[in-house]
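These are the residues of each chain, in order.
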Amino acid sequence: MDIQDYFSLVFTDYTLRTITLGTAILGAVTGMLGSFAVLRKQSLLGDAISHAALPGIAISFLITGAKDSNTLLLGALVSGLIGTFWIRGIVTKTHLKSDTALGLILSLFFGFGMLLLTFIQKQPNANQAGLDKYLFGQAATLVESDVWMMAIVTGICLFVLLLFWKEFKILLFDKDYAKTLGFNTKAIDILITSFIVLAIVLGLQTVGVVLMSAMLLAPAAAARQWTNSLATMVFLAAIFGAFSGVFGTAISASQNNLSTGPVIVLVAAVFVLISFIFSPSRGLLFKQIRFIKNRRDLELHKTLAFMYNIAETHDDISHPHEIKILNSFQGYTKGTLKKLVEKDYVTLKGSTWSLTDEGFKSALNLYNQLTRNDE
Amino acid sequence: MSNKIAVKIDDLTVAYNYKPVLWDIDLEIPEGVLMAIVGPNGAGKSTLIKSVLGILKPIAGSVSIYGKSYDKQRSLVAYVPQKGSVDWDFPTTALDVVTMGTYGSLGWIKRPRQKQKKAALEALEKVGMLPFKSRQISQLSGGQQQRIFLARALVQDASIYFMDEPFQGVDATTEIAIINILKELRKSGKTVIVVHHDLQTVPEYFDWVTFLNVKKIATGPVKDIFNDDNLTKTYGINYKVSIQE
Amino acid sequence: MSNAQIEIQLIASLVAIACAIPGTFLVLRKMAMISDAISHSILPGIVVGFFITQDLNSPLLILLAALTGVITVVLVEYIQKTGLVKEDTAIGLVFPVLFSIGVLMIAKKANDVHLDIDAVLVGELALAPFDRLLISGVDVGPKSLWVIGSILIITIVLLLAFFKELKLSTFDKGLAASLGFSPVIIHYGLMTVSSITTVGAFDAVGAILVVALMIAPAATAYLLTTDLKKMLIFSIVFGIFSAISGYWLAHGLDASIAGSISTVLGLLFLLVYLFAPNKGVIAVLYREKQQRIEVSLLTFLLHLKNHDEENERHVNHLNEHINWQKVRSKTVLELALKNNMIVINHKIVSLTSKGDEFTTKAIDYIITNEDAQIEDMKDDFFLFRG
Numbered sequence: 003m004d005i006q007d008y009f010s011l012v013f014t015d016y017t018l019r020t021i022t023l024g025t026a027i028l029g030a031v032t033g034m035l036g037s038f039a040v041l042r043k044q045s046l047l048g049d050a051i052s053h054a055a056l057p058g059i060a061i062s063f064l065i066t067g068a069k070d071s072n073t074l075l076l077g078a079l080v081s082g083l084i085g086t087f088w089i090r091g092i093v094t095k096t097h098l099k100s101d102t103a104l105g106l107i108l109s110l111f112f113g114f115g116m117l118l119l120t121f122i123q124k125q126p127n128a129n130q131a132g133l134d135k136y137l138f139g140q141a142a143t144l145v146e147s148d149v150w151m152m153a154i155v156t157g158i159c160l161f162v163l164l165l166f167w168k169e170f171k172i173l174l175f176d177k178d179y180a181k182t183l184g185f186n187t188k189a190i191d192i193l194i195t196s197f198i199v200l201a202i203v204l205g206l207q208t209v210g211v212v213l214m215s216a217m218l219l220a221p222a223a224a225a226r227q228w229t230n231s232l233a234t235m236v237f238l239a240a241i242f243g244a245f246s247g248v249f250g251t252a253i254s255a256s257q258n259n260l261s262t263g264p265v266i267v268l269v270a271a272v273f274v275l276i277s278f279i280f281s282p283s284r285g286l287l288f289k290q291i292r293f294i295k296n297r298r299d300l301e302l303h304k305t306l307a308f309m310y311n312i313a314e315t316h317d318d319i320s321h322p323h324e325i326k327i328l329n330s331f332q333g334y335t336k337g338t339l340k341k342l343v344e345k346d347y348v349t350l351k352g353s354t355w356s357l358t359d360e361g362f363k364s365a366l367n368l369y370n371q372l373t374r375n376d377e
Numbered sequence: 128m129s130n131k132i133a134v135k136i137d138d139l140t141v142a143y144n145y146k147p148v149l150w151d152i153d154l155e156i157p158e159g160v161l162m163a164i165v166g167p168n169g170a171g172k173s174t175l176i177k178s179v180l181g182i183l184k185p186i187a188g189s190v191s192i193y194g195k196s197y198d199k200q201r202s203l204v205a206y207v208p209q210k211g212s213v214d215w216d217f218p219t220t221a222l223d224v225v226t227m228g229t230y231g232s233l234g235w236i237k238r239p240r241q242k243q244k245k246a247a248l249e250a251l252e253k254v255g256m257l258p259f260k261s262r263q264i265s266q267l268s269g270g271q272q273q274r275i276f277l278a279r280a281l282v283q284d285a286s287i288y289f290m291d292e293p294f295q296g297v298d299a300t301t302e303i304a305i306i307n308i309l310k311e312l313r314k315s316g317k318t319v320i321v322v323h324h325d326l327q328t329v330p331e332y333f334d335w336v337t338f339l340n341v342k343k344i345a346t347g348p349v350k351d352i353f354n355d356d357n358l359t360k361t362y363g364i365n366y367k368v369s370i371q372e
Numbered sequence: 002m003s004n005a006q007i008e009i010q011l012i013a014s015l016v017a018i019a020c021a022i023p024g025t026f027l028v029l030r031k032m033a034m035i036s037d038a039i040s041h042s043i044l045p046g047i048v049v050g051f052f053i054t055q056d057l058n059s060p061l062l063i064l065l066a067a068l069t070g071v072i073t074v075v076l077v078e079y080i081q082k083t084g085l086v087k088e089d090t091a092i093g094l095v096f097p098v099l100f101s102i103g104v105l106m107i108a109k110k111a112n113d114v115h116l117d118i119d120a121v122l123v124g125e126l127a128l129a130p131f132d133r134l135l136i137s138g139v140d141v142g143p144k145s146l147w148v149i150g151s152i153l154i155i156t157i158v159l160l161l162a163f164f165k166e167l168k169l170s171t172f173d174k175g176l177a178a179s180l181g182f183s184p185v186i187i188h189y190g191l192m193t194v195s196s197i198t199t200v201g202a203f204d205a206v207g208a209i210l211v212v213a214l215m216i217a218p219a220a221t222a223y224l225l226t227t228d229l230k231k232m233l234i235f236s237i238v239f240g241i242f243s244a245i246s247g248y249w250l251a252h253g254l255d256a257s258i259a260g261s262i263s264t265v266l267g268l269l270f271l272l273v274y275l276f277a278p279n280k281g282v283i284a285v286l287y288r289e290k291q292q293r294i295e296v297s298l299l300t301f302l303l304h305l306k307n308h309d310e311e312n313e314r315h316v317n318h319l320n321e322h323i324n325w326q327k328v329r330s331k332t333v334l335e336l337a338l339k340n341n342m343i344v345i346n347h348k349i350v351s352l353t354s355k356g357d358e359f360t361t362k363a364i365d366y367i368i369t370n371e372d373a374q375i376e377d378m379k380d381d382f383f384l385f386r387g
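Protein sequences appear in the order of chains A, B and C.
Count along the first sequence from 1, add 2, and you get the number used in the numbering used here.
Count along the second sequence from 1, add 127, and you get the number used in the numbering used here.
Count along the third sequence from 1, add 1, and you get the number used in the numbering used here.
This list has only true hints and no planted wrong ones.
In silico BS3-like pairs for lysine-lysine, Cα to Cα no more than 30 angstroms straight-line:
(1) B:K195 - B:K184
(2) C:K31 - C:K231
(3) A:K95 - B:K146
(4) C:K306 - B:K350
(5) A:K181 - B:K210
(6) B:K135 - B:K310
(7) B:K260 - B:K245
(8) C:K87 - A:K177
(9) A:K289 - C:K82
(10) A:K181 - B:K131
(11) B:K245 - B:K210
(12) B:K360 - B:K350
(13) A:K181 - B:K195
(14) C:K280 - A:K95
(15) B:K135 - C:K362
The set of hints was computed from the structure by calculation and includes no laboratory data.
Note that the structure is predicted; figures quoted are calculated from it, not measured.
Use the sequences and the hints to build the structure in full.
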């Protein structure tokens, strides 16, 4: 099946439709909540939580013996929350820094999870096949009930987000100030964190524990580049996330042997790359262009200022001067002179130049601006 | 200035990691003063206003605003935090930040409407930032950012204003603009309390001053108590040398 | 114990030591998550190296993959410098992308490559003894042993040679730079060593458990000592202990060796986290309780010193004005009495001369920012602690 087939089948084929809907919803919800994680400087917390969820999956399988994804995800949720609180405990109660705490919980929980997974695999008669999908995600294993689950959680999340929009925004921007206004910042904080953990756990089946954090960060990081409004950022992140999910699933489904997780992550990364380079206000490309243009302008201005200083010495500003004098000035090139002529700042006559009225005025302006900036 | 006491602090002690940074502070701030809190670095100036505002929890003592606890009088108090305390790259506009000043009176869930927006625009106008209302906040200069913070507090339409170093890292024009607004606030009967660094400008800007260095050294009208004796007590023996620099 | 078992434990121990050394510095330099990023992003380097060399233990592969690690660091720093996203977001973006590329490369070439994705995550330590190094037909031991052994020797040589520089640039960047040790060279040197170690250990313990071996022993040691040399020794000991006991745990459960090693590391950390003498949670909680009462005592004594008025010194004032609960007021009063700091007459509290001296000294120390002296002073004055 190639990608074209995929898109023609999406609307007719039940399985494909389920999977596509699932990854789209997942991308949207993680993008939305990821925006908050990114703005709260908790980008790596997602990584730690998703890794910390692994032993929970294994343990709830060991206890219930069931492969029902909701049961397993409940285990993941509990163990993810334990990881989160332990990280907080380490940071507040010891002198270990947050990066150490994150790395510790991430690797130790994951290691323990792998111990359990390998232990389960060696059990006779264990109906264990499929637990592997939680490592890198397998969208193909999504069934309708999973998608419903995602849709419901996303719906609740959206509702809470709209309801407490103002509170979320002020907490993210200025927590102390929010406190002085009488908002219970701890409650808002717990609300946001729980939703982030919930979104991560929801995504484990599709994207896997190893790469889940990228689903949280990438759409948000991309969206941030296009807008200066929080609402637009959250909205765009949801769109980018949903598209990453759909395209990722499409590519992964149309090829053999491609886990969904890594493909979705790469699609999201393409969104990030494009945003980093081509965003009009923040993007690297336009920044570079502006930088070059500014440098050119600066050279032009310097030349004009140099000419102004010479012209100033005469009562008549349009008094002609030899072009040769300009050679002693470093910034001078034939190109800059030509540009000045084009702008009608300077007129040329044989081997001499003279400032026009307009040139004199703009040079004077420039001069005033410079001295003002120095203050 | 009336005889009413706007802020009364009783036996306030605050500790960081179980080391006292403020120690048994008793302080009465009369209504209608423009007061500077001065003291060396680490003297607990910011800590003092943060604990009055309930951001920090004191280990002892109490604070009352017009005779009642802060929780009950929240609407009477506005706060201008230090400029460096927030992430200025946050995706929001100047108008948006100023509108946050109305959130307290709105309470939970309710959204700002036309009325709140109008108040925010008026405050922006007052600080001379109306032309920048749609600007992303990272694209404002340090002075402009400080004015936005001031406007946000003005929107709260409070009786008492607490400001943490509002003149830090701002240009001369902004400094004058801010102090003029503060003086106007005082004129209309509001009480303004400012954590301040620059001792030279104290007599010019303020009419009331509190010297603080872990303990309260002195408090009162600038003309009575802003003298070498109190400065030396607050800043230590080398004070005179340092002010000549 | 069979030969293979001894060899596995030896390899695991060497890996643990080789990880513990750079890990200590990463933890101290607050760069623990960078090691996580490196361990993930070397994967494409390993895969490409494998396509070229067809040998997981080839030095060329190790260099290529280590280069990917250094590139990751450079890339993260570049993205941070653009200011487009926050620092931690840059880390969080780069490594999943490189890791995904690696995973997909393996998936696409699954038939030609003897790499499998599980091994990428947890390694195949159990198989290590079967890949022997033959020098002119003579079996000199498992290849991985030689690889990790060489990396360890290089690491130790570098550590001994640059110990002073590493120490200085870790604790005081400014001073190091002013003395002419370029922090940049030390930084990238450390990143290179970490990358090479990660690659060397990767094959044995996998991507994520390399992180456990780097961070957990160092973090555990850091809860027990702040002396750099001791910290290095402790982390090495913890590393070796977990490697060997982890092996036997895996043996008993018939489960992944690397998973078991990090489980042991986790238990070790949990123990130290709870019970470390000074920095463990229980010690901290106990000390906090003690300090809370003692700082209340100080507050109370100062209040007495500040106020002569009888109403301010009345026992009931404690509850009413200082805003304390009854129990707290009682504890504080009792402690002050026991230490002969106060006397109570008709419910009016006064400082004794000892109490007065103590309070005067304490406030002097606090105003001059010599808080540390207060603890010493408490030892001199207190008969009973809070």
